[in-house]
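A.B. asks: Sequence:
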Amino acid sequence: MEPRIEYTETSDGVRIAWTATGSGPTLVALPGVPFGDFAAEWRIPVLRRAYLGLTGTVRLVQFDTRGSGHSQRDVPDLSFDATLRDLDAVLEAAGVDRCVLLGFYHSCLHAVAYAARHPERVRGLVLFGGSLRGWDAMRGPGTQALLSLIDRDWDTFVESIAHAWLGWPAGEDGRLAADWFRNATTPEVARRVFRDASAIDVTADAAVVAVDALVLHRRDAPVIPLDVSEALTTALPKGTLRVLDGASASLFFERMEETIGVLRDATTGVVAGGRPGSPSGSRSTRSSGPAGDALTQRELEVLRLIAAGSSNGEIAATLGLSINTVERHVGNIYRKIDARGRADATAYAIRRGLA
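Counting along the sequence shown from 1, when you hit position 352 you're at 524 in the numbering used here, and nothing is skipped either side.
Incorrect hints may have been included.
Have a look at the derived ranges for each label pair, beta carbon to beta carbon [said to hold, decoys possible]:
#1 Ala342 <-> Arg176: 28 to 36 Å
#2 Asp327 <-> Thr497: 22 to 30 Å
#3 Asp417 <-> Gly343: 18 to 26 Å
#4 Asn504 <-> Lys410: 29 to 37 Å
#5 Arg187 <-> Thr468: 50 to 58 Å
#6 Ser251 <-> Val380: 30 to 38 Å
#7 Glu181 <-> Thr490: 36 to 44 Å
#8 Ser320 <-> Asp510: 50 to 58 Å
#9 Asp510 <-> Glu473: 32 to 40 Å
#10 Gly267 <-> Gly513: 33 to 41 Å
#11 Gly525 <-> Asp417: 18 to 26 Å
#12 Glu181 <-> Ala382: 42 to 50 Å
Hint data in this document are derived by calculation from the structure and do not stem from the laboratory. We put the beta carbon where it would ideally sit given N, CA and C, even for glycine.
Given these sequences and hints, build the entire structure.
C.D. replies: What follows is the structure, given as structure tokens:
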């Protein structure tokens with residue numbers, strides 16, 4: 173089952189794909205910029221179950237931003253304000269008077285800005301993995317290592333962002349997720365969007381958001397630090413932080429029914445969670461684990477360079493080793509961490525904080 177794809181046009185003449193399923197109060201799910209492709213999301217069993225669980229109670233509106241998915245790809249303007257025009261056009265086409273916006277990682281920036289600039293259209297926010305500044309979500313060395321792969325090795329990048337960064341498991345769901353990211357956009361668009369996103373700051377917008385805003389954070393997820401979610405919550409006048417159990421960097425992998433319930437409540441007007449600005453849990457730390465400890469110092473150096481996208485030849489030049497020696501180290505690393513190739517090794521390094 174896939175949703176019906178509709179099209180609308182923005183004020184600057186860009187064709188945007190969107191869909192609406194279910195009935196009830198409207199929840200608009202902003203795409204994970206720049207990987208919008210709601211049709212691909214519906215093909216993934218775990219996401220399809222989640223969306224069907226939501227649409228029994230709410231009207232779910234989804235769309236692909238410019239440059240991604242089924243929306244127009246060849247567009248010169250990929251700016252932050254241009255993406256807000258995409259959202260504006262979709263709300264008009266879908267006949268949405270007021271809605272709750274669901275932001276996901278970088279699209280949280282768009283949700284906050286739109287709520288501040290269009291208070292008549294937004295009656296609530298739910299934000300997962302978000303921040304006040306684009307750089308805050310990208311500052312970690314593992315994330316920086318991952319982003320460096322966009323131009324060097326697109327396939328390794330999308331495999332790593334699916335499995336290492338967002339925690340998609342091996343198997344059919346993970347394969348479909350990697351295909352979703354791979355085909356949703358191009359390396360050029362992804363590079364431009366991430367570069368521009370690093371300079372976005374919605375602190376001033378957050379200060380004037382007048383609606384309830386629920387900030388969700390996974391207790392043990394390694395991608396977004398708790399202090400980033402706390403800062404976002406504090407900046408929103410009616411912000412509430414809810415710390416969910418689990419370690420997944422994705423919203424629906426763990427405790428799906430609980431998450432669906434939270435989104436239903438928020439969409440129907442009830443913000444669930446603790447008092448504003450107060451986390452319901454504390455920080456946790458993650459160790460590198462036995463397999464990471466089993467790697468020699470030289471193997472760790474090689475693994476870090478693999479995660480940075482270096483070829484065996486480049487690793488040899490950097491470390492002053494022969495190609496044969498590097499290949500031996502790579503083989504030992506793969507054996508010790510049970511990796512099938514460079515994507516698995518990169519995923520391992522990012523998960524363990526080695527990149």
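A.B. asks: If a hint holds in the structure, say so; if it does not, say that too.
C.D. replies: Hint-by-hint comparison with the structure:
no.: 1; hint: Ala342 <-> Arg176: 28 to 36 Å; result: 32 Å, holds
no.: 2; hint: Asp327 <-> Thr497: 22 to 30 Å; result: 26 Å, holds
no.: 3; hint: Asp417 <-> Gly343: 18 to 26 Å; result: 23 Å, holds
no.: 4; hint: Asn504 <-> Lys410: 29 to 37 Å; result: 54 Å, violated
no.: 5; hint: Arg187 <-> Thr468: 50 to 58 Å; result: 54 Å, holds
no.: 6; hint: Ser251 <-> Val380: 30 to 38 Å; result: 21 Å, violated
no.: 7; hint: Glu181 <-> Thr490: 36 to 44 Å; result: 50 Å, violated
no.: 8; hint: Ser320 <-> Asp510: 50 to 58 Å; result: 24 Å, violated
no.: 9; hint: Asp510 <-> Glu473: 32 to 40 Å; result: 20 Å, violated
no.: 10; hint: Gly267 <-> Gly513: 33 to 41 Å; result: 48 Å, violated
no.: 11; hint: Gly525 <-> Asp417: 18 to 26 Å; result: 21 Å, holds
no.: 12; hint: Glu181 <-> Ala382: 42 to 50 Å; result: 30 Å, violated
Checked against the numbered hints given earlier, the structure breaks hints 4, 6, 7, 8, 9, 10 and 12 and satisfies all the rest.
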